[in-house]
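Q: Let's have the full structure, built from the sequences with the hints guiding it.
2 protein chains.
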Amino acid sequence: LRIAELSRASGVSIDTIKYYLREGLLTPGIATAQNQATYSEGHVRRLRLIRALTEIGRLSLKTVRDVLNALDDERLPVHRLLGMALYASEGEVPDDDASDEMLSAQAEVDRFLVGMGWQVSAKAPSRRRLAQTLVTLRRLGRPADAQIFRRYARLADRLAAWEVGEISGATSRAEVLEDAVVGSLVFGEALMALRRLAQEHHSTIRRPRGPSAPARSDDPAIRRQGK
Amino acid sequence: LRIAELSRASGVSIDTIKYYLREGLLTPGIATAQNQATYSEGHVRRLRLIRALTEIGRLSLKTVRDVLNALDDERLPVHRLLGMALYASEGEVPDDDASDEMLSAQAEVDRFLVGMGWQVSAKAPSRRRLAQTLVTLRRLGRPADAQIFRRYARLADRLAAWEVGEISGATSRAEVLEDAVVGSLVFGEALMALRRLAQEHHSTIRRPRGPSAPARSDDPAIRRQGK
Chain B
447 LRIAELSRAS GVSIDTIKYY LREGLLTPGI ATAQNQATYS EGHVRRLRLI RALTEIGRLS
507 LKTVRDVLNA LDDERLPVHR LLGMALYASE GEVPDDDASD EMLSAQAEVD RFLVGMGWQV
567 SAKAPSRRRL AQTLVTLRRL GRPADAQIFR RYARLADRLA AWEVGEISGA TSRAEVLEDA
627 VVGSLVFGEA LMALRRLAQE HHSTIRRPRG PSAPARSDDP AIRRQGK
Chain F
447 LRIAELSRAS GVSIDTIKYY LREGLLTPGI ATAQNQATYS EGHVRRLRLI RALTEIGRLS
507 LKTVRDVLNA LDDERLPVHR LLGMALYASE GEVPDDDASD EMLSAQAEVD RFLVGMGWQV
567 SAKAPSRRRL AQTLVTLRRL GRPADAQIFR RYARLADRLA AWEVGEISGA TSRAEVLEDA
627 VVGSLVFGEA LMALRRLAQE HHSTIRRPRG PSAPARSDDP AIRRQGK
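Going down the list, the protein sequences come from chains B and F. Taking our numbering, the leading residue of the first sequence gets 447, the next gets one more, and so forth. Taking our numbering, the leading residue of the second sequence gets 447, the next gets one more, and so forth.
Note that these hints are calculated values from the structure, not bench results. Don't take each hint at face value.
Same chains, same label: a pair holds when it works inside one copy or across any pair of copies.
Claimed, not checked - Subject to a maximum C-alpha distance of 20 Å in a straight line, what follows is the list of computed SDA-like cross-link-like pairs (lysine to any residue): (1) Lys464 x Ile476; (2) Lys569 x Glu635; (3) Lys464 x Ala483; (4) Lys508 x Gly634; (5) Lys508 x Asp603; (6) Lys569 x Arg619; (7) Lys464 x Arg448; (8) Lys464 x Thr500; (9) Lys569 x Ile651; (10) Lys569 x Thr650; (11) Lys569 x Arg584.
A: Below you can see the structure in the form of structure tokens.
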């Protein structure tokens, strides 16, 4: 493949490809003439992976480089590789909140995960995220302990068991990595959108018909609200 | 309640309370003396709701005002009220993408939702979000049609039926509104965090023991990667 064909096949512009070559994210093609080189299917796949990491995972180029180095280091267990990419793609979890309520929520989340029997790194950023939701609920005046997550956790457990099983069909480390990033993030987005749509559906079909909630959907009050 | 007590009970600073009073988001207390007023439990609840809408729903003060007006207009059906608050809290879904692939993805999503039997407004922003994930998958070279969402949709359907049922226990319009915003957004966050933790767990317990993925978790390569 010439560079223009590589660009078409990968959906990455020629300028960006040249930038990745300069930055060492992509190995050089085989030189065929001065200022000309030919590229392989491997280059197409690597570019697609870089796109997944940057566009979907929103990883910085520095992190992409670390992940690609880890990918090429066959001694690194694949679940460590996934951890690197997925932890980075979760974005910053602010850790400046060392208030008593946050520390106590984190301890509760840790105990909750032990209770679920989940093997999760102590460094997993989602531990803090979950603790934050607990703190948020309490600050809003809702008495809540980590057990309120139980139903969601059981559902997440079944879903993740299936999702991880799907990825296990991938044959190379690069494929596993791409599937995990796309699966976790893109299907995470899709799940959130579907949950909101399903909430709207169930709230519509259940709508109470009391005096404060007329069932007519063409209620003039709606138009009056300018909505 | 004096204003200082109202501030303690609601977790909202006195300055912010004064600002809400000036902006008409909060009805004035009963004047007891010059520059002094007394507030009720109703004020505490209204402030808690405003906090939920601004901090969790991230609604602008203008939108909060619209939602509160709608809340107080008893003729407005409660599911319309929820639509206003939840659509606004989803944030902007860019709608400048009128490419053929986006339009075709939107049509597929619309057909998919009909197939699910879901009653969802044509204006629901999540329709576009779901279509975007389909476009993203295709741009990454994954042949995908809306049917790949089927499993997630069935799961979302069961989850939402339960969640909406929980909210139906709320007794006032304000409670329904607060429960819906908190439930949809805070528990949405929690679900995403739990899914990531469960994915890590299942990927850890399933980790292949092939040559490229040694099972030793203290692999020196990890330290060499600086992670």
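Q: Please go over all the hints and tell whether each is borne out by the structure.
A: Each hint tested on the structure:
In this homomeric assembly, Lys464 and Ile476 come within 20 Å of each other (Cα to Cα) only inside a single copy, at 14 Å, whereas the closest approach across copies is 70 Å. For the identical chains of this complex, Lys569 and Glu635 are inter-copy neighbours only, at 18 Å across copies versus 23 Å inside a copy, given an alpha-carbon limit of 20 Å. In this homomeric assembly, Lys464 and Ala483 come within 20 Å of each other (Cα to Cα) only inside a single copy, at 12 Å, whereas the closest approach across copies is 68 Å. Proximity of Lys508 to Gly634 under the C-alpha cut-off of 20 Å is found in neither arrangement, the shortest distances being 24 Å within a copy and 30 Å between copies.
Proximity of Lys508 and Asp603 under a CA criterion of 20 Å is satisfied in neither setting, with 32 Å inside one chain copy and 40 Å between copies. Proximity of Lys569 and Arg619 under a CA criterion of 20 Å is satisfied in neither setting, with 23 Å inside one chain copy and 41 Å between copies. For the identical chains of this complex, Lys464 and Arg448 are intra-copy neighbours only, at 12 Å inside a copy versus 66 Å across copies, given an alpha-carbon limit of 20 Å. For the identical chains of this complex, Lys464 and Thr500 are intra-copy neighbours only, at 16 Å inside a copy versus 45 Å across copies, given an alpha-carbon limit of 20 Å.
For a Cα distance limit of 20 Å, the shortest separation of Lys569 from Ile651 across copies, 17 Å, qualifies, whereas the shortest one inside one copy, 43 Å, does not. For the homomeric pair Lys569 and Thr650, the shortest alpha-carbon distance between copies (14 Å) is at most 20 Å, but the shortest distance inside one copy (41 Å) is not. Proximity of Lys569 and Arg584 under a CA criterion of 20 Å is satisfied in neither setting, with 24 Å inside one chain copy and 33 Å between copies.
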